[in-house]
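Participant: Listed below are the residues making up each chain.
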Amino acid sequence: MSPIKTISKNDLSNFINKLIADKTFDVVGVKSKGIRFVYDNLENANELRLDHDVTIIPPKKYFLPQYEKLMDFNLEKQYEVKPNDEMKSRIIIGMHPYDVIALEQMDKVYLDSQKDDFYKKRREKTLIIASDIQNVSDRSFASSMKTNITDKGFDLLLTKLENKYAVTIGSEKGKQLLEKYAKVENAKDLDIKNIEKFRKKTLNKYKKKVNESKEEWPSILVDNYNSGVWEERSDKCIECSSCTMVCPTCYCYDVKEELALNLKTGSRIRTWDGCLLRDFTKVGSGEVFREETKERYRHRFFRKGNYLPARYGFIACVGCGRCGIACLPDIADPSDVINSLSHHIRSDDTTKFFIKQETKVAETNTIHIPRKATIKKIEKLTEAEKLFEIEMDDKKPLGHKPGQFVEVSIFGIGEAPFGFASPPSEKPTFEIAVRKIGNVTSKLHEMSVGDKIGVRGPLGNGFDVKAMEGKNLLLTLGGIGMYPMRSLINYVLDKKNRKKFKQIIILYGAKRPKEVLFLNEIQEWKKCDDTTCKLTVDRCEHGECWDGDIGLITTLFPKIRADKLDSKNTLSIIIGPPVMYKFVIKCLQTLGIPDENIFVSLERRMKCGVGKCGHCQINGVYVCKEGPVFNYSQIKNLPEAFE
Amino acid sequence: MKQKPRVAVFDFADCEGCELEIADLEEEILDLLEIVDIVSFREVMKEHSDDYDIAIIEGSVMRPMDEKRLRDIRSKAKILVALGACATIGGVNKIRNQWMHDEVIRAVYGDAQVHGNPLFDVFKTKALNEIVPVDYYIHGCPIDRDEFKHVITALALGKKPEIPRYPVCVECKKNENICQFELGAYCLGPITRAGCKAICPTHNSPCEGCRGLIKKAETECVWEVLERYNLSYEDIRRRCTMYNYGKEECNVDE
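Line order of the protein sequences matches chains A and B. Under my numbering, residues 2 to 644 are what the first sequence spells out, in order. Under my numbering, residues 191 to 444 are what the second sequence spells out, in order.
Check before you lean on any hint, since a few could be wrong.
Said to hold, decoys possible - SDA-like cross-link-like pairs, simulated, lysine to any residue; straight-line CA separation at most 20 Å:
#, chain 1, residue 1, chain 2, residue 2
1, A, K265, B, K405
2, B, K350, A, I370
3, A, K34, B, I389
4, B, K405, A, D280
5, B, K339, A, V110
6, B, K339, A, K34
7, B, K350, A, P66
8, B, K387, A, K78
9, A, K257, B, K387
10, A, K78, A, I370
11, A, K126, A, N136
12, B, K350, A, D280
13, B, K350, A, G285
14, A, K257, B, P351
15, A, K387, B, G348
16, B, K350, A, N263
Said to hold, decoys possible - Here are the simulated distance ranges between beta carbons:
#, chain 1, residue 1, chain 2, residue 2, range
17, B, Q288, A, E293, 34 to 40 Å
18, B, E320, A, V580, 35 to 41 Å
19, B, N394, A, K206, 26 to 32 Å
20, A, E197, B, K387, 55 to 61 Å
21, B, L210, A, F584, 55 to 61 Å
22, A, E293, B, K387, 45 to 51 Å
23, A, S348, B, E320, 52 to 58 Å
24, B, K350, A, I551, 54 to 60 Å
25, B, L210, A, K126, 55 to 61 Å
26, A, E197, B, L421, 42 to 48 Å
27, B, K350, A, N205, 54 to 60 Å
Said to hold, decoys possible - Covered, in the sense of this in silico footprint (three residues per stretch, anywhere, with C-beta under 8 Å from a C-beta of chain A), are these stretches of chain B:
#, segment
28, 194-204
29, 222-234
30, 240-248
31, 267-274
32, 326-333
33, 409-419
Bear in mind the hints are in silico, worked out from the structure with no lab data behind them. For every residue, glycine included, the Cβ atom is placed at its ideal position computed from N, Cα and C.
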């Protein structure tokens, strides 16, 4: 059976009306909305506009809806969670090839090693009847992106011929759909020739083009990272993020809680977020990691033309032109941006903003629904900090490594990431230390033993403790960097493990004596064999009791006996506030420790924890996936890492 | 459960429309009463108590006697919430700030003898935060009921409400609206705080900026847009007069 059929205009209408009459699925298609076009439910085949140029927003709304309920929860019945499973089958009619290709790209992101269960369900329940482009949007440059035609990614593809349509069958499901609902004929040779003719004719309708082939984008962007173009263009940016909202390859999202007024029930929803918005990178402590408009503006283009290409191998712009239409100051069009960048130098190192890493991920049924857990013990550390012991209700240990993190949910309040403060354990318990900063942390501070929380994790890569064996360890920690470092220190100093490591030096800096954490444990650490532990505080007020050093963490380094330290055989690990890294790394370099031996744990806004939502990105790297632990030699060239 | 927070609702110079939005919660008002005790709410009840934790205030401040009353409420309330544009940014009441008081009074009351009457003793219209510290804001003219519910549930749970700090365009795009600029209209959406679900442009009416400006109308990027759409600075300034007279830009944290 030939994969190409033809259908008369009349029979196409009948086909679509039969689909609409079958109530087992929703039929959506492109309809007109005033002067523009949108995807919407079809009530009749005449509403379908296969002659559309482009829709206001792409069909991503059917796979990652603008507002999508992830789960319902009931605050009265402790931690009863019901995932949202109301997803009807759907047929989308009229998708242009560039939107089909954008969806295939989205599959790579959402169905990679950590599958998005909601996306997967929607995707499986959707059939795509694509349509070859008849009219080209003034802003489209799909022909430059080679996304104006496609031979896959659809179940059926309609191409307009004279008085009829060609139907290319793209899948078994598409074939069955035709057999069940449509009257078609086999395409003749002339029809097939006419399909090609039609596509060629459309090619002449493009008004915009990119001067360089899309394969050149990654290198053009690398060479222009510090170009003045970003500032020049972003000076006009209103920061409305319309460009990302209408983009078929922008899939970043935020997660929020919605509560019923009676405070008994609620739902967790996700909604589109945009990297042009200032709060996109904002973490609990208030820090914003892409503070300048220029940086956010540049990020969007790099994500499309360099970061995602490095990760997945495709250019994440399909040339639909929607951003060009939506952007009021007209600065968002990628074809204009690429054309305005200088192309003199060509760098071969196009993946320099990305770290390739094979991370093994535990198979889970869901990346969104937290596991139920119970607070077992609470210990007050300082005025603003508490240590929580948490037990998984299913009694299954998390199996975490030091340096990994968990997302803790308090339904009705939200979710926040915490590094493990306890060493790996075979028990179903773990510890997190919590400083009262935002909504989730404040609520945790109010909670009592026996209260229920939700847990997702372990997430992130964690420290490679095997690689640390046989080495000296120089551990530098500042402030709440103590939490995750404690997990590592208690692991390496554990009697069972201590012999595996050589000399251990711990340098710990806190702001004030009263902020020094785990002082009792530190006394125990000091007693361990071949272990040095030096403490310093930034300042000590009159009346405060302190017998350690006073000064910044860097003042501790001269006190290390450098002559006795085999620096080449020393691994150094740094965890602390963002401002600390630069200075500590300088000290380490003075000690002769090679960059490859330095490891850092970085903090960003880890929202989804599974490389989807986009908030924690440092250039092309997801902190939640490739991190939070990084080898310094790998990350030092990422401009956003230590800004 | 902890003791329910005691809530009092007050009004100053306003149309009481935002209070009406609360009263309009209909059956949900019973849910509201389950999580808070309403001890004063002139629009819907006779009872009144001065013992409250949360004061929700609609309206702008126009007179010395209002100022005194507002300070008194602030001294009694642990948490003060500004309700609606009149309270959060001054709103339509600020339109009159462009004229002298005498002119305004003459225009409204003609020859009636109001001089010396404290009810007519007005100063320039002020938003609440120009007189007392405001803890939380429920923006809009009128407010969005869902946002009211969000703020009230957050406060009942002891959580900081999350109010958008990005422009209306974000929500407008999600609603798949044709841009008002594309339709030849001009809209304050790009510089106005979201949270209203872009209700006006969704109903084909340009944004008037009732939730406050998060960017100055004078910034270069806005100029660029005006120029591209053949608009003058005067056009946008005039539109800003409706809700944002004399107020260049809101602190995004408001």
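Participant: Would you list, in rising numerical order, the hints stated earlier that this structure does not obey?
Facilitator: Violated: hints 1, 2, 5, 6, 7, 8, 11, 20, 22, 24, 25, 28, 30, 31, 32.
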